[in-house]
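With these hints in hand, go ahead and build the complete structure from the sequences.
Protein chains: 2
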Amino acid sequence: MADTTTKREPDGVGPDDLTLKVKRAKTDSENGGGEVGEESETNVLSGFQTSAVLSDSAREKNIFIRGKLADQDAVVILEKTPIREDSLAEIFSGSRLKLEMKNDIYSTYRLQPPTHLNEVKTTVVCPATEKHIKKYQRQESFLVEETGEDYQAITLPYIQKQSFSVQWVHNILEKKAEADRIVFEDPDQKVGFVLLPDFKWDQKQVDDLYLIAIVHQRNIKSLRDLTSEHLPLLQNIFQKGKETILQRFNLPASKLRVYLHYQPSYYHLHIHFTKLGYEAPGCGVERAHLLADVIQNLQADPQYYKTRTLYFPLRADDGLLSKFKEAGRL
Amino acid sequence: MADTTTKREPDGVGPDDLTLKVKRAKTDSENGGGEVGEESETNVLSGFQTSAVLSDSAREKNIFIRGKLADQDAVVILEKTPIREDSLAEIFSGSRLKLEMKNDIYSTYRLQPPTHLNEVKTTVVCPATEKHIKKYQRQESFLVEETGEDYQAITLPYIQKQSFSVQWVHNILEKKAEADRIVFEDPDQKVGFVLLPDFKWDQKQVDDLYLIAIVHQRNIKSLRDLTSEHLPLLQNIFQKGKETILQRFNLPASKLRVYLHYQPSYYHLHIHFTKLGYEAPGCGVERAHLLADVIQNLQADPQYYKTRTLYFPLRADDGLLSKFKEAGRL
Chain F
59 MADTTTKREP DGVGPDDLTL KVKRAKTDSE NGGGEVGEES ETNVLSGFQT SAVLSDSARE
119 KNIFIRGKLA DQDAVVILEK TPIREDSLAE IFSGSRLKLE MKNDIYSTYR LQPPTHLNEV
179 KTTVVCPATE KHIKKYQRQE SFLVEETGED YQAITLPYIQ KQSFSVQWVH NILEKKAEAD
239 RIVFEDPDQK VGFVLLPDFK WDQKQVDDLY LIAIVHQRNI KSLRDLTSEH LPLLQNIFQK
299 GKETILQRFN LPASKLRVYL HYQPSYYHLH IHFTKLGYEA PGCGVERAHL LADVIQNLQA
359 DPQYYKTRTL YFPLRADDGL LSKFKEAGRL
Chain Y
59 MADTTTKREP DGVGPDDLTL KVKRAKTDSE NGGGEVGEES ETNVLSGFQT SAVLSDSARE
119 KNIFIRGKLA DQDAVVILEK TPIREDSLAE IFSGSRLKLE MKNDIYSTYR LQPPTHLNEV
179 KTTVVCPATE KHIKKYQRQE SFLVEETGED YQAITLPYIQ KQSFSVQWVH NILEKKAEAD
239 RIVFEDPDQK VGFVLLPDFK WDQKQVDDLY LIAIVHQRNI KSLRDLTSEH LPLLQNIFQK
299 GKETILQRFN LPASKLRVYL HYQPSYYHLH IHFTKLGYEA PGCGVERAHL LADVIQNLQA
359 DPQYYKTRTL YFPLRADDGL LSKFKEAGRL
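Quick note, the sequences are listed as chains F and Y, same order.
In this text, residue positions in the first sequence follow this note's numbering: the first is 59, and each later residue adds one.
In this text, residue positions in the second sequence follow this note's numbering: the first is 59, and each later residue adds one.
Simulated from the structure, these hints should not be mistaken for lab results.
Yeah, the Cβ is synthetic: ideal placement off N, Cα and C, and Gly gets one too.
Wrong hints could be hidden among the right ones.
[Claimed, not checked] Covered stretches of chain F (in silico footprint by chain Y; criterion: 3 or more residues with CB under 8 Å from a CB of chain Y, positions within the stretch not fixed):
| id | stretch |
| --- | --- |
| 1 | 155-169 |
| 2 | 187-201 |
| 3 | 233-241 |
| 4 | 308-316 |
| 5 | 320-332 |
| 6 | 366-380 |
[To be verified] Pairs of lysine to aspartate or glutamate residues, derived as EDC-like cross-links and limited to a Cα-Cα distance of at most 16 Å, are as follows:
| id | chain 1 | residue 1 | chain 2 | residue 2 |
| --- | --- | --- | --- | --- |
| 7 | Y | 160 | F | 238 |
| 8 | F | 234 | Y | 162 |
| 9 | Y | 364 | F | 351 |
| 10 | Y | 179 | F | 203 |
| 11 | Y | 248 | Y | 287 |
| 12 | F | 233 | Y | 162 |
| 13 | Y | 156 | F | 177 |
| 14 | Y | 219 | Y | 376 |
| 15 | Y | 333 | F | 198 |
| 16 | Y | 300 | F | 203 |
| 17 | Y | 298 | Y | 376 |
| 18 | F | 262 | Y | 158 |
| 19 | F | 364 | Y | 351 |
[Said to hold, decoys possible] For each label pair, taking beta carbons as the anchor points, the in silico distance ranges come out as:
| id | chain 1 | residue 1 | chain 2 | residue 2 | range |
| --- | --- | --- | --- | --- | --- |
| 20 | Y | 211 | F | 380 | 43 to 53 Å |
| 21 | Y | 108 | F | 308 | 16 to 26 Å |
| 22 | F | 205 | Y | 192 | 44 to 54 Å |
| 23 | F | 367 | Y | 245 | 24 to 34 Å |
| 24 | Y | 262 | F | 161 | 18 to 28 Å |
Dropping the structure here:
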C-alpha cells in the first residue's frame, strides 16, 4: 500500500467540481462532441517522446511515464476513469462487442464503448524535476521507526535543508490558483482551512470521493508539530469538513475516513477526507492516522505526537531513508 | 477495505491467454477492424436491461451489474483494461485531448484514445443464479464510533450472546488440526503463541506474505481486553514473530506490517504479520492497529484500550451494526 501513495499525488491539484463538469459535458455535446468550443485545443501530447515507464498498475489501470515535451523533461500520468452507473444504458446500446470465449453460462467479450464515455484522466507535470521523476518511480519501501529524538536529530534537519516548495499550496490559499475548485473555506487564519478535491478524484461519482483540507496556518509542518493547542483547529476541520461533505455530496460521517499522513508528501498541514470503502492509496495503517484518534490522543496527552515513536514507510530512493541509515536507525 | 476482497472473483472466468489474443487481434485487422469475421457478432448486450449495480470499484475501474438478458437473469461485469506500454505512442498521437485545469507546472486533461486501444473487458453470466448475484453484491460499510461504555453496553453483550465458535482456533492450539502448517510455536501458556500462514497466502512468494500469530491464552477476546499486564505477551509475539519471519522467509522487520484488527473477525486474540507494500485486505487505518502503537499506548496508559473511543467499519448486514442502530449510536 505504502509505495503507491506518493507517486500518484501530483500534489493536491485536480479537476473542477461536479456542477462545472456537468456544464462542460453539455457544452461538448452542443458543440458536436467538443470538437470546437472554449476548452478544446490542439493535442499537446502528440509531440510527447516517451523515455521510460516509471511505474504502472494493471489493477488500477494507470501508468506513469517519463519523457520529453517540447524539449523539456515531463512526467505524464494516464489513468482510466471509473465506469459510471449513469452511462451504462448508453454503453450497452452504443458499443461494439466482440466475443472472446464462451463456456457454459460464462462468456467474455471485448467491448468498445463510445469514446466520450471512456476517457483517460491525464496529468502532465512539465517541466518535471528529478524529484518528480523519483516520486513516480516504483520503489521498494521500508518501515522506519522514528522516536521523538530521531525527529529532532534526523527528520527535522532534513526537511529544513530540503525546503520543499509549497508555493502551489500558497497559491491555493491566496486564490491565485484553483479558486474555482474550492468546495468550502473557513477564512479564519487561526482555525480556518480550504477544502478542495484531491487530484485523484474526478468528481463524477462519490465512490472514490477524495477531498483535502489545507489549513490557513503556515507554520504546521506535520502531525509531529501538533499539540493540544491545535485542538480547536483540528476539531473545526473535522466538524465543518463533515458538514460540508454531507451537504454537498450527501455522504454522512459514517461513510468517511478522515486522516493525516505521516510522513506527509508536503510539509504544510493537510487532512484527507476519503470515502469509507474506497481503497485510497495511503490509507493503510502504516501511514494514515485517523483524525479522531489524533484528537483523542492530544486530549489525553498534549505532547503525544512530540514524544511517541512513529512508524512510516519510506521508499528506497527517499533521501530521508539514507539519513536514517547513516544514523544507524535501520 | 475488507469488503472489496471477495467481490472481485468472477470464479476464474475471463478471456483467453495472450497468445490467443494476439492471434485474434491480427484476424481483426485483416478483416478490416473486426467488423466482419468469425468472431464479430451483433451486440447481444444492446438488449440488456439493468436492474441493479451489485458493486463497483472506482479504483479498479470495474462494475458488477444485475439485469435481464432475453428474459433470463444475468450478471454483467465490466472492467477497463490496463494501459499497455506498447500502445503509448499511438495513444499520444491519435487521441483527442481537453484541458481541465492548469496550475504552475501541473495540468490535467481528459483524453479520448482510439477505441481499439481502450476496450472494456466484459464478462456475462447467463443465466445467473441467486448465488451468483449474492456473490457479486457489495455490502456497504459504515464507520461505527464505540466508546468504552458502548463496548460494555452494546458490543460485549452481543459478542457473548452470539458465542461465535472458536473451536477451530482451539484445534490449532491443541494440534488437532493444521499442525503441519505451524511455522513457529512458543508453547508458554502465558506469553506463548502459534504462528501459521493465513489462508489467503499460498506461500509461493513473499510478496504477499501473510501470517497469523494466535495466542495460547484463551481469555483475551480482542484489543479491548488488553491492558499493561499483556505487555510481556505482546512484546514476545512481536519479537519472536519478527525473528521467525527473518529466519524463515528472509524478510527483515522493516519489510513487515504487524497489526491487530478491531473488530476482529473472531474473538480470540490474534496478530497479523503481512509484508509491507502488499495491500492486504483489512490493513486500512479504519480497522488495523499497529502492534508497535498498541504496545506504546499501553505503556503510557494501562487502560488505553478500555477507555478510548475506537472506530471501525461494519457491514450493512452485520448484527452488531443493528445493535448500534437500536442504541441510537449511528
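Status of the hints after comparison with the structure:
Beta-carbon proximity to chain Y at under 8 Å applies to 13 residues in the stretch 155-169 of chain F; the threshold of 3 is reached and the given coverage holds. Counting residues of the stretch 187-201 of chain F whose beta-carbon sits less than 8 Å from any beta-carbon of chain Y gives 4, enough to reach three: the coverage restraint holds. Check on the stretch 233-241 of chain F: 3 of its residues sit with their Cβ under 8 Å from a Cβ of chain Y, so the three-residue criterion for coverage holds. As drawn, the stretch 308-316 of chain F meets chain Y at 5 residues by the rule of a beta-carbon pair under 8 Å; at three or more, the given contact holds.
Coverage of the stretch 320-332 of chain F by chain Y is violated in this model, with 0 residues showing a Cβ closer than 8 Å to a Cβ of that chain against a need of three. Chain Y is given as covering the stretch 366-380 of chain F, and this holds because 4 residues of the stretch bring a CB closer than 8 Å to a CB of that chain, at least three being needed. Proximity of residue 160 of chain Y to residue 238 of chain F is assessed by CA-CA distance (about 12 Å); at most 16 Å being required, the pair is judged to hold. Restraint check for residue 234 of chain F and residue 162 of chain Y: satisfied, since their Cα atoms lie roughly 10 Å apart, inside the 16 Å limit.
Taking the CA atoms of residue 364 of chain Y and residue 351 of chain F, the gap is about 14 Å. The hint holds against a cut of 16 Å. Between residue 179 of chain Y and residue 203 of chain F the CA atoms are separated by roughly 43 Å; this puts the pair beyond 16 Å, and the hint is violated. Restraint check for residue 248 of chain Y and residue 287 of chain Y: satisfied, since their Cα atoms lie roughly 11 Å apart, inside the 16 Å limit. A C-alpha spacing of about 13 Å is found between residue 233 of chain F and residue 162 of chain Y, which places the hinted pair at or below 16 Å, so the restraint holds.
Between residue 156 of chain Y and residue 177 of chain F the alpha-carbon distance is near 10 Å, which keeps this suggested pair within the 16 Å criterion. Between the alpha carbons of residue 219 of chain Y and residue 376 of chain Y the distance comes to roughly 14 Å, so the proposed pair stays at or under 16 Å and holds. Of the supplied pair hints, the one linking residue 333 of chain Y and residue 198 of chain F holds, its CA atoms being roughly 11 Å apart against a limit of 16 Å. For a cut-off of 16 Å, the pair hint linking residue 300 of chain Y to residue 203 of chain F stands: about 15 Å separates their Cα positions.
Our distance criterion of 16 Å between C-alpha atoms is broken by residue 298 of chain Y and residue 376 of chain Y, whose separation comes to about 35 Å. Distance check on the hinted pair: residue 262 of chain F and residue 158 of chain Y sit about 14 Å apart at the alpha-carbon level, within 16 Å; holds. Our distance criterion of 16 Å between C-alpha atoms is met by residue 364 of chain F and residue 351 of chain Y, whose separation comes to about 14 Å. Taken as a hint, the range 43 to 53 Å holds for the pair residue 211 of chain Y and residue 380 of chain F, whose Cβ atoms sit roughly 51 Å apart.
Checked against the hint of 16 to 26 Å, the C-beta distance between residue 108 of chain Y and residue 308 of chain F comes to roughly 22 Å, which is consistent with it. The supplied range of 44 to 54 Å is met by residue 205 of chain F and residue 192 of chain Y, whose beta-carbon atoms lie about 49 Å from each other. Separation of residue 367 of chain F from residue 245 of chain Y is about 31 Å and conforms to the stated range, judged on CB atoms against 24 to 34 Å. Between residue 262 of chain Y and residue 161 of chain F the C-beta distance comes to about 26 Å, which sits within the given range of 18 to 28 Å.
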